[in-house]
Amino acid sequence: MRTLVSPLALRTPRGRLIYWATLSMVVIGFTIAFVFPLYWMVTGALKSPDELAQIPPSFFPKRFDFGVYGDAWEQLQLGVFLKNTVQYAGGAWLFTLAVDVTAAYALSKLRPWFGKLILGAMLATLMIPPMVLLLPTYLTAKDLPIVHLDLLNTPWAIWLPAAANGFFVFLLKRFFDSIPRELLEAAEIDGASPARILWSIVLPVSRPILGVVSILSVVTVWKDFVWPLLVLPETDKMSISVGIASLSAQMPQNVLIASLVIASLPTILVFFVFQRGIMAGLTAGSLKG
Amino acid sequence: MRRPRFAGSARPRGKRGDGVPGPAAGPGAAGPDQAGALRRAVGRNLTAYGFLCGALVCFALFSWYPMVREVVLSFQENNFVDAPTWVGFDNFRTVIEDPAFRSAWINTAAFSGLALVIGYAVPFVLAVVLNELRHAKAYLRFVVYLPVMLPPAVAVLLFRWFYDPGAGLFNQVLDVFHLPPLSWLDSTSTALVSLVLVSTWMNLGTGTLIYLAALHSIPGDLYESAELDGAGLLRRVWHVTIPQTKLILLVMLLLQIVATMQVFIEPYLLTGGGPENATVTVAYLMYQYAFNFGDFGGGGALGLMLMVVLMVFSAIYLRVSREAER
Chain A
1 MRTLVSPLAL RTPRGRLIYW ATLSMVVIGF TIAFVFPLYW MVTGALKSPD ELAQIPPSFF
61 PKRFDFGVYG DAWEQLQLGV FLKNTVQYAG GAWLFTLAVD VTAAYALSKL RPWFGKLILG
121 AMLATLMIPP MVLLLPTYLT AKDLPIVHLD LLNTPWAIWL PAAANGFFVF LLKRFFDSIP
181 RELLEAAEID GASPARILWS IVLPVSRPIL GVVSILSVVT VWKDFVWPLL VLPETDKMSI
241 SVGIASLSAQ MPQNVLIASL VIASLPTILV FFVFQRGIMA GLTAGSLKG
Chain B
1 MRRPRFAGSA RPRGKRGDGV PGPAAGPGAA GPDQAGALRR AVGRNLTAYG FLCGALVCFA
61 LFSWYPMVRE VVLSFQENNF VDAPTWVGFD NFRTVIEDPA FRSAWINTAA FSGLALVIGY
121 AVPFVLAVVL NELRHAKAYL RFVVYLPVML PPAVAVLLFR WFYDPGAGLF NQVLDVFHLP
181 PLSWLDSTST ALVSLVLVST WMNLGTGTLI YLAALHSIPG DLYESAELDG AGLLRRVWHV
241 TIPQTKLILL VMLLLQIVAT MQVFIEPYLL TGGGPENATV TVAYLMYQYA FNFGDFGGGG
301 ALGLMLMVVL MVFSAIYLRV SREAER
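Chains A and B, in that order, give the protein sequences.
Under the working numbering, the first sequence has 120 at position 120, and the numbering climbs by one with no breaks.
Under the working numbering, the second sequence has 183 at position 183, and the numbering climbs by one with no breaks.
Just so you know, the hints here were simulated from the structure itself, not pulled from any lab data.
Yeah, the Cβ is synthetic: ideal placement off N, Cα and C, and Gly gets one too.
Don't take every hint at face value.
[As the list claims (entries may be wrong)] Chain A side only, calculated, beta carbon under 7 Å to chain B, not exhaustive:
no.	residue
1	5
2	6
3	8
4	27
5	40
6	112
7	133
8	160
9	161
10	192
11	194
12	226
13	271
14	282
[Claimed, not checked] Here's a subset of chain A near chain B, in silico, CB distances under 7 Å, partners left out:
no.	residue
15	55
16	125
17	223
[Claimed, not checked] Here are the in silico distance ranges between beta carbons for each label pair:
no.	chain 1	residue 1	chain 2	residue 2	range
18	A	35	B	177	19 to 29 Å
19	A	145	B	180	51 to 61 Å
20	B	190	A	31	23 to 33 Å
21	B	125	A	9	16 to 26 Å
22	B	183	A	2	48 to 58 Å
23	A	147	B	47	22 to 32 Å
24	B	183	A	9	40 to 50 Å
Using the sequences and the hints, build the whole thing.
Here is the structure:
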């Protein structure tokens with residue numbers, strides 16, 4: 001495909017020289033800017049506190065002391081934090097899918113009275129940045145209206161707000177809208193109930209969008225910091241980000257760095273595996289939010 | 001929006017084979033048909049609301065009600081023991097008279113502005129360059145997005161270590177180039193810039209990949225004809241690339257303003273607002289009011305002010321992105 005620089009110009013010796021010079025500059029620059037900090041983190045964890053404080057620093061650790069990862073795991077109870085985070089992200093994922101898929105399906109295919117109004121009210125929430133509603137949302141989670149339940153330090157404080165995501169409803173509804181009517185009408189005439197149609201016709205053809213929503217919802221909850229900081233103050237209930245941040249002051253430097261490595265592994269692994277879906281979600285999210 | 005899809009299927013199920021559309025069914029059938037249609041409509045609505053109820057509860061509790069609560073909160077005195085009392089603009093007066101209030105708004109604006117200066121053009125330039133490269137594309141795209149995948153708290157704590165004035169990475173690098181060390185987070189002149197640097201590093205990848213996707217959709221013959229007209233490289237960027245991505249550039253500008261004005265985690269984890277309020281932001285001050293001073297009314301007032309400012313940008317964003325969709 002033709003881009004900014006013409007293919008002809010690239011074929012001249014000068015063009016080729018400039019191209020390879022730019023390419024190597026970009027590759028080196030990106031590696032220094034984005035990979036080197038991570039290299040520094042992984043090797044930093046292996047250095048002893050003395051070696052960490054040394055000036056100038058050593059580029060390679062003098063000895064590979066993997067024991068620090070064990071220390072981090074135990075001293076920071078990373079196992080507990082990771083288990084909590086898996087529970088929060090997994091539950092939020094299930095909740096989001098169950099709640100938002102059914103809502104989007106109802107709004108797209110069953111078209112109830114006031115459907116447009118409800119959709120509008122859900123989309124309107126996208127206009128309001130989450131940070132400005134932090135305090136009232138916190139107070140709601142602390143004391144649910146009418147039933148007066150306290151959700152603090154329970155997974156529900158993460159799961160329920162995670163499902164109230166106007167953007168997911170929007171993405172799903174837009175996808176469901178594009179499913180041809182004939183497909184559903186045929187099933188309806190054969191006497192299939194709406195739930196049955198959703199399960200056996202709509203969901204199977206919606207796999208791409210379900211994938212995007214799944215990855216986005218898990219990654220969002222996993223990376224979140226402010227909300228779990230407020231609603232899960234008990235040390236045994238903390239998510240991994242909050243846990244490490246709140247215990248960071250008491251840790252030796254190398255143990256803290258090791259815990260940062262452990263905390264970043266899951267999301268980077270997810271990125272390795274689901275790169276395509278994550279990037280697809282990114283472009284879907286940017287334009288149509 | 002399409003018309004309601006049940007409009008044509010208001011006749012009894014058994015008759016579907018006769019091929020005669022609705023209006024021709026005869027006057028005698030109108031009565032029972034209408035009653036049946038109503039019954040079906042009610043049934044359909046019951047089912048639909050059954051499907052919707054989970055979402056309605058979640059949105060009501062955690063999106064809609066908090067909007068109302070935010071307004072109520074900022075006009076009430078509430079210690080969560082006695083019944084709350086209405087106090088008019090008292091909460092607003094309290095926070096506005098706070099010396100940190102001015103700093104918070106100036107810092108938030110400065111943070112947003114600096115993030116734009118440092119972080120807005122860079123992803124676009126990177127995307128334009130990446131789009132020209134024919135090698136190592138997958139690697140570069142993967143690498144630029146890596147920091148975005150780190151949990152923000154991890155990225156920020158990592159930079160806290162890099163900023164360490166003694167053996168931190170950044171001062172070591174400065175030393176290699178024989179430059180004097182900086183005190184980064186500990187000096188009023190560099191603290192805010194340091195926060196912007198972390199924030200830019202961990203968010204750069206998003207913009208880059210979004211622009212890259214937009215650049216893909218520019219038709220190649222536009223460049224071709226511009227070149228035939230004798231336009232050089234920079235003129236082609238100016239007259240083809242930028243006009244073709246104008247809307248996305250605008251959308252991203254607004255998104256970035258809204259995102260950066262909510263900055264919280266960087267001051268919370270790196271500086272605690274200091275030194276001398278140099279990095280207090282509105283969101284951070286709001287948090288402090290509620291959770292350090294126990295004054296949810298003051299925090300609510302700050303939140304409401306931030307909300308009004310950000311909703312202006314959100315509203316413009318909505319208009320622009322609608323246009324972009326066309």
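Please verify that hint: residue 125 of chain A, Cβ, nearest Cβ of chain B, below 7 Å or not. Constraint on residue 125 of chain A satisfied, holds at 4 Å.
Range agreement (Cβ of residue 180 of chain B with Cβ of residue 145 of chain A, hint 51 to 61 Å): Once the Cβ atoms are compared, 57 Å apart, the range 51 to 61 Å for residue 180 of chain B and residue 145 of chain A holds.
Could you check if residue 5 of chain A really has its C-beta closer than 7 Å to a C-beta on chain B? OK, holds: residue 5 of chain A within 7 Å of chain B, min 5 Å.
Given residue 160 of chain A was flagged as interface, is its beta-carbon under 7 Å from a beta-carbon of chain B? At 5 Å from the nearest chain B Cβ, residue 160 of chain A passes the 7 Å test, so the hint holds.
Given residue 282 of chain A as an interface hint, is its Cβ closer than 7 Å to any Cβ of chain B? holds (6 Å)
Given the hint of 40 to 50 Å, is the C-beta distance from residue 183 of chain B to residue 9 of chain A inside that range or not? holds (47 Å)
How about residue 226 of chain A: closest beta carbon in chain B under 7 Å, or not? holds (6 Å)
Close enough to count: is the Cβ of residue 223 of chain A nearer than 7 Å to one in chain B? holds (5 Å)
Should the interface hint for residue 133 of chain A be scored as holding, given a Cβ-Cβ cut-off of 7 Å against chain B? holds (5 Å)
Any CB of chain B closer than 7 Å to the CB of residue 271 of chain A? Nearest chain B Cβ about 4 Å off; hint holds.
Interface hint compliance - residue 192 of chain A to chain B, C-beta minimum distance less than 7 Å: Hint on residue 192 of chain A: violated, closest Cβ of chain B at ~12 Å, above 7 Å.
Residue 8 of chain A was flagged as interface toward chain B. Is the shortest Cβ-Cβ separation under 7 Å? Violated - the Cβ of residue 8 of chain A stays beyond 7 Å from chain B, reaching only about 9 Å at its closest.
When the structure is compared with the earlier hints, violations turn up for hints 3, 10 and for no others.
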